[in-house]
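Start from the sequences, fold in the hints, and give me the full structure.
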Amino acid sequence: MHPLLFTKDNAGCEQLMAALEECHAKGFIWKAAGMCNDAKQQLTECLRAERLKNQSLNRNSVQDKRSKIRQKWKEIDENS
Numbered sequence: 001m002h003p004l005l006f007t008k009d010n011a012g013c014e015q016l017m018a019a020l021e022e023c024h025a026k027g028f029i030w031k032a033a034g035m036c037n038d039a040k041q042q043l044t045e046c047l048r049a050e051r052l053k054n055q056s057l058n059r060n061s062v063q064d065k066r067s068k069i070r071q072k073w074k075e076i077d078e079n080s
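Here the UniProt record's numbering is used: position 42 in the sequence shown is 42, and no number is missing along the way.
Hints may contain errors.
DEER-style ranges, computed between Cβ atoms [to be verified]: (1) R51 / E21: 13 to 23 Å; (2) Q63 / M35: 42 to 52 Å; (3) D9 / W30: 49 to 59 Å; (4) Q15 / S61: 48 to 58 Å.
Hints were generated in silico from the structure; no laboratory data involved. No residue lacks a Cβ here, since even glycine has one placed at the ideal position from N, Cα and C.
The following block contains the structure:
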C-alpha cells in the first residue's frame, strides 16, 4: 500500500488517511469488492503532491547551500 503514513509528515492528507482507515475498518469483503478504491486513489494523489512539494523545497535548499559553498571557495581562491 503506502509507505508509513504519518500525519505530521503529510498534514495535508490527514482527512484522506482517516477516510481510508474508516473504509478498511468496514471489513475484508468491503475492501475486496473495491469499495475503498476511490479513497485510496485520492490518498495516493494527495501523497504524491505532498512528496513533490517536499522534493521541490529540498532541491531549493540544496541549491542554496551549494551556491554558498561555491561562493566560499571562490573567496578562498581569490585570497590565496
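Consistency of the hints with the structure:
1. R51 / E21: 13 to 23 Å: Given range 13 to 23 Å: holds, Cβ gap about 20 Å.
2. Q63 / M35: 42 to 52 Å: Given range 42 to 52 Å: holds, Cβ gap about 44 Å.
3. D9 / W30: 49 to 59 Å: Violated: the Cβ-Cβ distance is about 27 Å, outside 49 to 59 Å.
4. Q15 / S61: 48 to 58 Å: The hint (48 to 58 Å, Cβ to Cβ) is violated, given that Q15 and S61 are roughly 28 Å apart.
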